[in-house]
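Trainee: Line by line, the protein sequences are chains F and D.
One gets this note's numbering by counting positions in the first sequence from 1 and adding 672 to each.
One gets this note's numbering by counting positions in the second sequence from 1 and adding 1 to each.
No lab work stands behind these hints: they were computed from the structure.
None of these values were measured; they are calculated from a predicted model.
You may find that some hints are simply not true.
[Unchecked claim] Derived list of chain F stretches under chain D, where covered just means 3 residues or more per stretch with a C-beta under 8 Å from a C-beta of chain D:
hint, stretch
1, 796–809
2, 970–978
[Claimed, not checked] For each label pair, taking beta carbons as the anchor points, the in silico distance ranges come out as:
hint, chain 1, residue 1, chain 2, residue 2, range
3, F, Leu850, D, Val39, 33 to 41 Å
4, D, Gln61, F, Asp1230, 24 to 32 Å
5, D, Ser48, F, Arg713, 37 to 45 Å
6, F, Asp791, D, Val39, 16 to 24 Å
7, F, Asp1230, D, Met42, 38 to 46 Å
8, F, Tyr920, D, Glu51, 49 to 57 Å
9, F, Phe1157, D, Thr38, 47 to 55 Å
10, D, Tyr34, F, Phe1157, 39 to 47 Å
11, F, Ser862, D, Ala87, 32 to 40 Å
Think of the CB as a built atom: it goes at the ideal place given N, C-alpha and C, for glycine as much as any other residue.
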Amino acid sequence: MKTGADLIIDTLYDLGATEVFGYPGGTIMPVYDALFRSLERGVPVKHYLTRHEQGAGFAAVGFARATGKTGVCLATSGPGATNLITALADAKLDSVPVVAITGQVPRPLMGTNAFQEVDVFGLSVASCKHSFQVMDQAELEDTIRQAFFIANDGRPGPVLIDIPKDVQMNTVVKQSPLSLPKRPEFMTNSSQFEQARDLISQSKKPMFYIGGGVDIAGGTDKLRELLNLTQIPAVTTLKGIGAVPKSYPHGMGMLGMHGGAGANLAVQEADLLIALGARFDDRVTGKLASFAPNARVLHIDVDNSEINKLRQVELAINCDLSTALPLLLNELTGFGDLATEKWQPWREACAQLKVENAWRYDFPHEGIYAPKLLNQLSEKLPDTAVVTCDVGQHQMWVAQHMRFESSKNHLSSGGAGTMGFGLPAAIGAKVSRPNDQVIAVCGDGSIMMNIQELGTIKRFNLGVKVLLIDNAKLGMVKQWQELFFDKRLSETDLSDNPEFITLAKAFDIPGQTITQANEVEAALDEFIAHDGPYFLHIKIDANDNVWPLVPPGAANQDMIGQDQKVG
Amino acid sequence: MSTQEANAGLAHISLICSQSSLLLERLLQTMRYRGFTVVNMNSMELSSEETEVNLLVKGQAKLTTLQKSLEALIEVQQCYLTEDQAKLATLIEIGLPSIYSPTQLSQPRTVAESA
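Here chain F stands alone, though its shape is the one from the complex:
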């Protein structure tokens, strides 16, 4: 006879979730006991013990984002479960398929303020795509299968399953029938794509606006065919980075608050935005009323609630991009000649904007200039390398100065902007892609939020490389204080940071600190070549800021600091 906990492990195994992240505790102990016995029972599920539940949550996110598979994390009730919530909220905002399983106090104790009882089921309402509380062991398998389905269906997102301890311990005598919902079919029709073709062919200045939804839908290959066919200029969001290949001559890079000036100015001139899996986020649009003021909008997205939410569109197609892109491609076949001739002046104008606003790295700089270093790192890495980020200035520098061949190789907390994301996300990425180079680019503020996960890296000897960009400040907040709060630097000084290399060595992870530009080349080579985890600590000038910047409430063409972008 199986227990509920055995059935949980069996179902995870059957669903292919053979690597999970978590942290044990009182009410999830039956599941951990079943994990312990999973190998001998012939359903091996490998568990990665993190040092904090938030680490487990972000590792699951990193695992999912680097592969497209479902990430799984486990935690106990009460504080264990609440520690997962930030990672789940992050997964919701970035549309990441994650299933979180939390223990709950036994059913007779529920609602009594029992030890480690928190209503995590209620807490999950705002942070998860869906959530379940399983009150009968007969429903466990069906619920877990539904959770995996929901996490991946349509716009992906996190699903929480809260399971009382006695439900885990009870013997499963019979099971409820499986009730997996049917995947809804999108009723697209050819007239929509004919209209899309007409919009595009009427346009003189079309621009692809690529969001994270393209990669999530598995649409990157078709997008690239579309780009090759039309040669239309393209900008990406933070999460869309990597969808447009590095070699595409009309790729304009990232747009938005810290986007490239060329990308932002080109979008402002466009007469048609072809928005694919993007959501007109405020960090992208700046002042909404002034965003791409001359453009009609063709919006294709799987989430109907994103359509016309912020920007009224000319034509909306509510459809999974894996379905829509082949149809659009089919509709545009034969565009080759038109594309070559009609849009050439527009392509040349975009190319000119790119040249005029190209990143420069020749600013005289005694210390280490992080954008240049990241650009050097990018040049040295293979196309298969995965880079995770924390949140802040270093995150924007990665987005601006590193180049990626796949959105699955650039894992950055976009919607939630969660500091502390990078290190545990790198753990998840490395577990899912053990043969690929995985680098966590962290800030000195962010890394301290989940620094304990160095212990996880060491425990499993994961070859995660940590590149710490240290300006002894909460740099992005400091930058805003300088610009918008009359230089009142309130609580952003971190000059009392720990000695990071000593800290890394305490976890038995080797590393070095560099402070001078002439040390960069050799340090990066050693960093990349080192077999196993490594910690490269880079001290930079705290006066270096991220440019350009669109001030809050300003239009994207009114970005500031362009003249300072070289230093």
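Once you've looked at the hints, dock chain D against the given chain F.
Mentor: Here is chain D on its own, set in the frame of chain F:
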């Protein structure tokens, strides 16, 4: 103040949902998050599987975004919304029961739109 003025910004939403212990919390959270307050509501169990929920909501945010967000919830099977002032007046007068016939309720979800 005329009835029409009093009802400005009001909308009635009728939902057929699958049963879930978190259903009402999720519906109310969605209303609040999308910028609406609930003026009145009732729910009625249709079967062991289904519940009908009727809500009168008020707010200045986009109703279409609210409607699409509700439709995206796993539990919501059908969603019918009206801002029609005459219907609203009737609904308020009779205490907000569902006034929609099954045929009206079963209209398909919006799967594509052209604006």
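Trainee: Next, verify each hint and record whether it holds.
Mentor: Going down the list of hints, with the structure as the test:
{"no.": "1", "hint": "796–809", "result": "holds (count 6)"}
{"no.": "2", "hint": "970–978", "result": "holds (count 3)"}
{"no.": "3", "hint": "Leu850(F) - Val39(D): 33 to 41 Å", "result": "holds (35 Å)"}
{"no.": "4", "hint": "Gln61(D) - Asp1230(F): 24 to 32 Å", "result": "holds (28 Å)"}
{"no.": "5", "hint": "Ser48(D) - Arg713(F): 37 to 45 Å", "result": "holds (39 Å)"}
{"no.": "6", "hint": "Asp791(F) - Val39(D): 16 to 24 Å", "result": "holds (21 Å)"}
{"no.": "7", "hint": "Asp1230(F) - Met42(D): 38 to 46 Å", "result": "holds (45 Å)"}
{"no.": "8", "hint": "Tyr920(F) - Glu51(D): 49 to 57 Å", "result": "holds (50 Å)"}
{"no.": "9", "hint": "Phe1157(F) - Thr38(D): 47 to 55 Å", "result": "violated (34 Å)"}
{"no.": "10", "hint": "Tyr34(D) - Phe1157(F): 39 to 47 Å", "result": "violated (29 Å)"}
{"no.": "11", "hint": "Ser862(F) - Ala87(D): 32 to 40 Å", "result": "holds (38 Å)"}
In this structure, the hints that do not hold are numbers 9, 10, in rising order.
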